[in-house]
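Chemist: Here is how the chains run, residue by residue.
2 protein chains.
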Amino acid sequence: MPNSPVQDYIEAIHAELAGDNSGALADYIPELTHADPEWFGIAIATADGAVYETGHSRQPFTIQSISKPFVYGLALEDHGRGDVFRKIGVEPTGDAFNSISLESRSGRPFNPMINAGAIATTGLVLGRSHETRFQRILDLFQRYCGSALSVDQAVYESESRTGHRNRAIGHMLRNFNVLQENPRPILENYFRQCSILVNCRDLAMIGATLANGGVQPVTGEAVLRGEYVESVLSVMASCGMYDFAGEWIYRVGLPAKSGVGGGIVAVLPGHLGIGVFSPLLDDRGNSVRGIQACQRLSLDLNLHFLNSPRSRRPAIRHRLTGADMRTRVQRPARQREALSALGNTIRIYELQGSLSFPTVETVLREVLGEGFPVHFVILDLGRVCSIDTSAARLLFDLLIQLCSAGFRMVFSGARPHAAFRRYCLSHLGPERQDLWLHFCDARDALEWCEDQILGEAASCEECSPGDLELLAGFQDSEKAAVLALMRACTFDAAETVFREGDPADALFFLTSGRAEARILLPSGEQQTVARFRPGVAFGEMAVIEDAPRSATLVAVDACSCLRLPIEDFRGLAETHPAIRMRLLENLLAVLSRDRRSANREAAALHR
Amino acid sequence: MPNSPVQDYIEAIHAELAGDNSGALADYIPELTHADPEWFGIAIATADGAVYETGHSRQPFTIQSISKPFVYGLALEDHGRGDVFRKIGVEPTGDAFNSISLESRSGRPFNPMINAGAIATTGLVLGRSHETRFQRILDLFQRYCGSALSVDQAVYESESRTGHRNRAIGHMLRNFNVLQENPRPILENYFRQCSILVNCRDLAMIGATLANGGVQPVTGEAVLRGEYVESVLSVMASCGMYDFAGEWIYRVGLPAKSGVGGGIVAVLPGHLGIGVFSPLLDDRGNSVRGIQACQRLSLDLNLHFLNSPRSRRPAIRHRLTGADMRTRVQRPARQREALSALGNTIRIYELQGSLSFPTVETVLREVLGEGFPVHFVILDLGRVCSIDTSAARLLFDLLIQLCSAGFRMVFSGARPHAAFRRYCLSHLGPERQDLWLHFCDARDALEWCEDQILGEAASCEECSPGDLELLAGFQDSEKAAVLALMRACTFDAAETVFREGDPADALFFLTSGRAEARILLPSGEQQTVARFRPGVAFGEMAVIEDAPRSATLVAVDACSCLRLPIEDFRGLAETHPAIRMRLLENLLAVLSRDRRSANREAAALHR
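Sequence order for the protein chains is A and B. Throughout the first sequence, residue numbering follows our numbering, covering 42 to 648 in sequence. Throughout the second sequence, residue numbering follows our numbering, covering 42 to 648 in sequence.
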């Protein structure tokens, strides 16, 4: 297959920006001056784990300040938001990365992205010893990247030897009791944390993990609890680019973090992570080509996180009435007529995507705004990816509102959303569990609603042989002739009438009880494809087409049938051609009606 | 219908927070102390114009600093981003709202949300006179709110009389040449701008307009050009809440702006605007209940703008092969067989929602990653809401890549996306316009692909009467007997064979040319519902059901048909019962095949 235009695009951007040699290598740590000014890599990783990369995307470099927001996330997990907030603020300072920036009275660092806040953060990481505390930090980044990482020993030693300013900050934090222990081993861990080696692709993966709600897209591991993802992204958005934060939001609009190693990680929540690397830095300590690449990507690909059209999408995939949609059940004419006038009292909403307040609000508005008298509301969740807590609560409130007003609300396809089911059942309490009505899919939910309309009893009352659907329009003598060919037979509940693949040996007419047709899915599961009520025929397709049975027919409860052997059905051509003709015409009418209802459903689905 | 749970929810929040009487009325403008400390309103407006409101949501108050980002948007429209940026920065200061905060050498205000930046912004609004300049500002807010607004004259005079600090800032800006004219009338306009009266509902509507990409949701008016919406939201996100900005992003996570009148406007891009009002302020000049309400709404409704699950949704609604989907064309058996083995070489992707880089990337990946030999790719855009510039470019690149590799890529349903069509055609240039292949919908696109596989000529070659589909399995003598009842007839191109509603007087067998069935839509438009190729029958449904014609039948090119009058078809029951039986059986087989293919398509669509 041809190249991906995405790959072509990042290669073009890379070629275009590689020529810019402005900026200088970081010199505040002697080791960093050994970098090659030509190095330049770009990588994009999507929230589902696809990666596009170009240039020196596999060149290792030290993570430096890019480590800060992620260790902050670890501290949040260790202590909770409240405790961490008491130690470290979240307010941007407009100052440079290495400014000391402590609040005047408390000594609390303004935010976790300046060195003071980051050192305090490293001090918050729990562990029995300083060594295990560092191992937790290294392990954190390994889980974000989904690969083994190591520390650049030379950079670490260089930082440790020359980091006087950071040592000063550490002691100042100890002075203010922000650090409540000897700052020296914490500073060593901080220097080692900054010296972890990553590459561009790793950064993109770290970003994609945040974009994916804290779950590493390739390994599937939950690296950061979902509730803290927003917090980490928030400090990146407000303080991630030091005194360039405002302009960064304005021009690039992606929560991001840069490091003096030359790396930048940026995140478009829900969608992707970007890793760029080039060691030539500007005055603020940000990678020159890195910033340019991020600006270009954001502009060309419309990635600004406040871009509104991207985030809009309809929650309602289809809205149908009971008259539009088909169930799996074959009902006799009387029931079809009873329902035809009332199909509009059933409304079916097929929802899709991630349900949250804004999307569910439109659903509530639509459901509550219906003009026609509605008695049943089916919410089909079969295509919903996730239901957040606010969406769960609003859907539950809707259920209660509708039930109190005398309506019935039915869910379908909610099986993957166990938390939502639990929420509803626990809030309903033991006395009202029956208000939680759930079916496998919307067709089954609709069938239940129809049965409610017909009344449980009426929905499967017996049919006398003379009233059989396929004998409609027959004269009494013709009926008698056909019925004479049929043999009554009964089946116990759960008994198999015929099996998928059997030769077609007869046509069946159901006179009492309920039967259903099931097929075997490739997964080995049985799926019900049709249900039959007294008065209708089954097994006619294989007879018409002279093909093996396409489904297994099972009696749901005890059933009575009339069985017309295939040779007698064929023999009618000789013995009673007029009867056979009428049977064929009635079969054609059934198929023709079926085609019309299928067309009506298809039209409703494409509205 | 019952109450909306959304309305119930905001009423509950309102009742809960109304009891908090902490904070104080603003006193820096004497007039503001006349406010009633009990006032408290909440309103939410969605990006499609629904409003929920409670409490004192209609109580007018002065807009104050909330005006700043919107006038900044007007300045961006008047001068462009570059010129405005040279006058006013976008960097948060961490300082209080009334700090002078000018860059030390240039005197450039740090950002447009502090008073210095806002006064400079007001100075940038164009107009012949200071009066027309103010009218443009007032008109701007009227267009955002969709209603008439006025200025609170008393507050304006009070501000004008006591605004010494702002006057100092104005003269300082003049000193640095940021303002290049007499600052006094600009200051008057700034005081008047701050004294515009709005209510909570207005603020929610202003927010909803930004959430809706700059288009007022109710009036449909484009109030702010889409390209500047991100810029306005960016300065709100980074500097909208003064020295509370970092904590606001961390805790609430919505671009927002507060004013000392007691109002706060907050925006969830793509979804909604929030307006809250309560005149009791905290030390930073933000409404106490307003902040609490926003925090509760954000937390309870999961509105944080960096919340990732909300923004994810699949771009591909359905993926099908040519073997799964049905066209509108009825083909003879030979063509069906030729296609049945090759249906998998056609892939159909039905896309949905707003197409942007992240969503289109998944489409490219899917299309380019197909394993089976694919020759035709159909992208159906019928359910796409919008295509941004990056998505347009990537889709175009995909078209070029696939064409160069010998594939054909076909679009359908792109009619509402004229800009995308223009983009493709202009980038194809005059010589390659034929690479832009577009059809009304995916079924028509599929039909074209099938015709390509069959070869244009083969797809509509003549059929000899003996090979007609419905005569399959007939003995020669039976064929002769039926053919003897038929009359040859011809139709010119575009001639009508029969009309919707006509009585069914005959069955037709097409032997050459192409015909199609059309229905009249309620809109008055004609829609093609079926197409016929030589060898197939048409008009049989009405004959079977003895009902009026359900569609109008039109010869597309010159057609030859055989016509079997309905009385002869019925008469067969007497004269040739065996032939009539066989015809009915063949009709049953056609309908049965049709049902199977409909079931297959439905199964594929529900996969």
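Honestly, the hints are just simulated from the structure, not real lab data. Treat the hints with care, since some could be wrong.
As the list claims (entries may be wrong) - Derived contacts from chain B toward chain A, CB cut-off under 8 Å, selection only:
| hint | residue |
| --- | --- |
| 1 | Val92 |
| 2 | Leu274 |
| 3 | Ala286 |
| 4 | Ala535 |
| 5 | Thr537 |
Unchecked claim - Quick partial rundown of chain B residues pointing at chain A, CB under 8 Å, derived from the structure:
| hint | residue |
| --- | --- |
| 6 | Pro46 |
| 7 | Val47 |
| 8 | Pro310 |
| 9 | Ser381 |
| 10 | Glu402 |
| 11 | Leu405 |
| 12 | Arg406 |
| 13 | Leu409 |
| 14 | Thr430 |
| 15 | Asp438 |
| 16 | Ser553 |
Said to hold, decoys possible - Take a look, some chain A residues computed to stay more than 10 Å from chain B by CB distance:
| hint | residue |
| --- | --- |
| 17 | Gly64 |
| 18 | Arg225 |
| 19 | Leu478 |
| 20 | Asp485 |
| 21 | Ile607 |
All values derive from a computational prediction rather than experimental measurement. Beta carbons: idealized from backbone N, C-alpha and C, even for Gly.
Chemist: Give a verdict on every hint.
Modeler: Taking the hints in turn, this is what the structure says about them:
1. Interface hint status for B:Val92: violated, as the beta-carbon distance to the closest one in chain A is roughly 11 Å, over 8 Å.
2. At about 4 Å, the closest approach between the beta carbon of B:Leu274 and any beta carbon in chain A falls short of 8 Å, and the interface hint on this residue holds.
3. Evaluation of the B:Ala286 hint against chain A yields a held restraint, the C-beta minimum of about 7 Å falling below 8 Å.
4. A hinted interface residue such as B:Ala535 counts as satisfied when its beta carbon comes closer than 8 Å to some beta carbon of chain A; here the least separation is about 26 Å, so the hint is violated.
5. Interface restraint check for B:Thr537: the shortest CB-CB distance to chain A comes to about 23 Å, outside 8 Å, so the restraint is violated.
6. Among the interface hints, the one on B:Pro46 holds; its C-beta lies about 3 Å from the nearest C-beta in chain A, closer than the 8 Å criterion.
7. Residue-level restraint check for B:Val47 holds (minimum Cβ-Cβ distance to chain A is 6 Å; threshold 8 Å).
8. At its closest, the beta carbon of B:Pro310 sits 4 Å from a beta carbon of chain A; the interface hint therefore holds under the 8 Å criterion.
9. The criterion of a C-beta within 8 Å of any C-beta in chain A is not met by B:Ser381, whose closest approach is roughly 17 Å, and the hint is violated.
10. This hint holds: B:Glu402 has a C-beta 6 Å from the nearest C-beta of chain A, less than the 8 Å allowed.
11. For the restraint placing B:Leu405 at the interface with chain A, the shortest Cβ-Cβ distance is roughly 6 Å, inside the 8 Å limit, so the hint holds.
12. Taking 8 Å as the C-beta contact cut-off toward chain A, the hint placing B:Arg406 at the interface holds, the least distance being around 6 Å.
13. Below 8 Å, beta-carbon pairs count as interface contacts, and B:Leu409 has one with chain A at about 5 Å; its hint therefore holds.
14. With a least beta-carbon distance of about 6 Å to chain A, the hint placing B:Thr430 at the interface is held under the 8 Å criterion.
15. The restraint placing B:Asp438 at the interface with chain A holds, with a minimum CB-CB distance near 3 Å, inside the 8 Å limit.
16. Violation of the interface hint for B:Ser553 is found here, the shortest Cβ-Cβ separation to chain A being roughly 27 Å, above the 8 Å cut-off.
17. The Cβ of A:Gly64 sits about 20 Å from the closest Cβ of chain B, beyond the 10 Å cut-off, so the non-interface label holds.
18. No Cβ of chain B comes within 10 Å of the Cβ of A:Arg225; the nearest lies about 30 Å off, and the non-interface call holds.
19. Distance check for A:Leu478 against chain B: the nearest CB is about 18 Å away, which clears 10 Å, and the non-interface claim stands.
20. At the 10 Å boundary, the C-beta of A:Asp485 stays outside the reach of chain B, the nearest C-beta of that chain being 13 Å off.
21. Every CB of chain B lies more than 10 Å from the CB of A:Ile607, the least distance being 14 Å, so the non-interface label holds.
In terms of the numbered hints stated before, the structure departs from hints 1, 4, 5, 9 and 16, listed from lowest to highest.
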